[in-house]
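Chains D and R, in that order, are what the protein sequence lines are.
Heads up: the first sequence begins at 124 in the working numbering, then just goes up one per residue.
Heads up: the second sequence begins at -5 in the working numbering, then just goes up one per residue.
Treat the hints with care, since some could be wrong.
To be verified - Derived, one-sided and incomplete: chain D residues facing chain R with beta-carbon distance under 7 Å:
id : residue
1  : F135
2  : R295
3  : W296
4  : C598
5  : I603
6  : Q609
7  : R610
8  : G629
9  : L630
10 : V637
11 : K639
12 : D640
To be verified - To be clear about the criterion: a stretch of chain R counts as covered by chain D if any three or more of its residues have a C-beta under 8 Å from a C-beta of chain D, and this derived list gives those stretches:
id : region
13 : 10 to 24
14 : 38 to 52
15 : 77 to 88
16 : 140 to 153
Honestly, the hints are just simulated from the structure, not real lab data.
By construction, the Cβ of each residue, glycine as well, lies at the ideal position given by its N, Cα and C atoms.
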Amino acid sequence: MERLKSIDEFQFLHDRLIAERDPDSPTIIIPAGTCGQASGANDLIRITKRELLNKKYTDKIKIRITGCHGFCEMEPSILIEPSGTFYPKVDPRKMVHIVEAVAKGDVLKDLLFVDPKTGSPIERQADIPFFKKQVRILLCRNEKIDPIRIFNYIENDGYVAMARTLSSGNPRWVVEEIKASGLRGRGGAGFPTGLKWERLANQPNGNGKFIVCNADEGDPGAYMDRSLLEGNPHSIIEGMLIGAYGTGATKGIIYVRNEYPLAIKHLLIALRQANQLGLLGGHILGTGFSFDIKIVRGAGAFVCGEETALIKSIEGTMGEPRQRPPFPVEKGIHGEPTSINNVETWANIPIIIGLGAQEFTKVGTKENTGTKIFSLVGKIKNTGLVEVPMGITIDRIVNEIGDGKIGQRNIKAVQTGGPSGGCIPAEMFHLSIDYESLAKAGSIMGSGGMIVMDEYTCMVDVAKYFMGFLKEESCGKCFICRKGTQRMYEILDDISAGRGTLEHLGLLEELGSVVKDASLCGLGQTSPNPVLSTLRYFREEYIEHIQKKRCPAGVCKDLITYVITEICTGCQLCLKSCPAEAIRGEKKERHSINSQKCNKCGVCKSVCKFDAVETR
Amino acid sequence: MITLRINGLSVSVEEGTTLLEAAQFIGFPIPTLCHHDGLSSYGACRLCLVEIGEGPKAKLVSSCTYPAEEGLQVRTSSSRVMKARRIILELLLGSCPQSKTVQDLASAYGIRQQRFRQEYENCILCGLCVRMCEEQMMAKAIGFRSRGEKRSIGTPFDIQSEDCRRCGACIYICPACQLRCTYTEPERAICGGCANLPAPCLEKEGFDDMMCYMAPCVACEIKKD
């Protein structure tokens, strides 16, 4: 790769790549992010490559390996361009037929996605309700780009926004444009990005300023940032370049957790390619602007996502938050001004500069512009990454995009914002998704985790799970957060084991409100949210645990017994699976469970094909 | 000079003064456990909380780490502060009831019960010993390890640090182990647990009374026997 020496050379390269592109030639797109690879995308890649070589289709059909497209429920999937045909849950044995069909221009009807409502197959990805109802500004780029090929990114208007900023010659314009876009930090707090940049730009440039990409995504069940880093690392780099130009920063750091090996690999490749092409490093595109990015790997502490703890971690000390002020934008890494933004925020920057701030504000609401990616997981039909405009209601995400409940179990609540978010009950699904209304409902936007819960989810157990996570992931510096989360876990454990009293509820609320008030950092201040929100909306479940000593959802092991009902056909499947040998019964006769022997593992319930095992 | 209002009183302090220093300067008492005048501020025990700001933007901050700002409204013992402080003291009593310092503070704030399961921990992780070792003794022999509920103070892999001079400053400054260092039964009295550190006088040759911080010290009683 030859180094580009001027903006004109870049434009020339961009135009040439677009001219060389053949929009009509078929391309097989295989999403192979971490999720795709886990469900077997590597097999599909291998078979496709072999088929293309064997049948000599290599001139005719192209193959593109991309990051995750978002529909994780249907992985491993295949997308065919330009027709937009989508094959879900592809069996590796059927891959040969798909390649053949692509070569002939056919569509394999019986492998297509079937609409669960109408039962008829849907051919094009864009027509599938899951995709159709989203506004995919960031995620749709994942389909178009092979993350390890920089030319592929440039071909799709990559680095064009950066070239535009450089040719404007006016850093202030960049900051003003971001301010006008109304973009707010996607990490969870929702601080206006433009304002943060303006403050950084106004800081004296002594020994250099830092900008940081916070990719320490630690929420259980959330993986938006990972998909962006794996699928489109160049957009993060481009965003940071634009940010550096606007704020005068000279050093960039991507703080990514070591649990994301594929993201780190793709980032390293992307950084090397950008450096070779002269899009990163000294005198970028022949201008006076220089900027370099390095990767710092985090060791997996949840608290290091908090900005002051992140700074400590980058400096090489223990990841502990500190008091603000001074804010990082005044005194950050090694005492230099630092601006820290989330991965998704950075990914939005090239879009804003590319589209123009005015165009960007058309999506979303007045106070909350743009889109937000949520990872929709839990007890819902369509799990995956969904990108929706801000201000959309929870109901639309859950019931239209997520396609609602599984089977007959009604959806009870969604938990937003990761472990420090709250649970929003189904009665409040009319709530619109924005920073303010979620905070008012006792939850937070967070980085975008959205866990759907149904009647088989016990809210005491949920609160206990998150408290157990937080008591281990609190840094332990401030006493109230460390001990407060431990004690809340202890009380919840007591309640779930039937040892709770009604006084415990008052104590939980009192303790929770103080932990919220008195903690040092965002982790501590939001840590009681799971407890306080479940107490607020699902108090009767707590009371049932305490007074009637029973768990209505059938989750808390100490309070339930497994019973086999008369539906039992006597198939002996549960009898054979029971590890405690607690089930007895003759063939074709109703079985029974010996509650003395039963260790409540729940295997019988999960293996039973007739739903004959109940919890009481 | 910066002028701020503490509990309605106007006070002028130099730039860089913390709220704790400013409040103490005009005589408002603020309890602390992790603060010491000779050491840097840490903000871990959260006892020195004060309420700043007005209306919906009012919040609690630790006064030992928050710098005085021009025109800031500070309340050192509003009901919100007292509520938080009481819960913190109750939590402290619940996990570290042996400490005389904790007992006295709890008593002063009228804590008559603690509603949590009783624990008997030795350390409240205030970090005074770590800072003492680093900043005053220039040894950096001990530090924090791990996070969350597993957090503890000690040396890596519990191996005695070569930097440790056994000065005993960590034991001297510990607010939690005072009671046991002056306990009546010698065997149970010497703590050393806070730093995996044996009492200096028992191990170090030529250790004399001048070097000892313990007054009264039970280790001396053992030696006499």
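Problem - Structure versus earlier hints - violations, ascending order - result: 1, 2, 3, 8, 11 and 13
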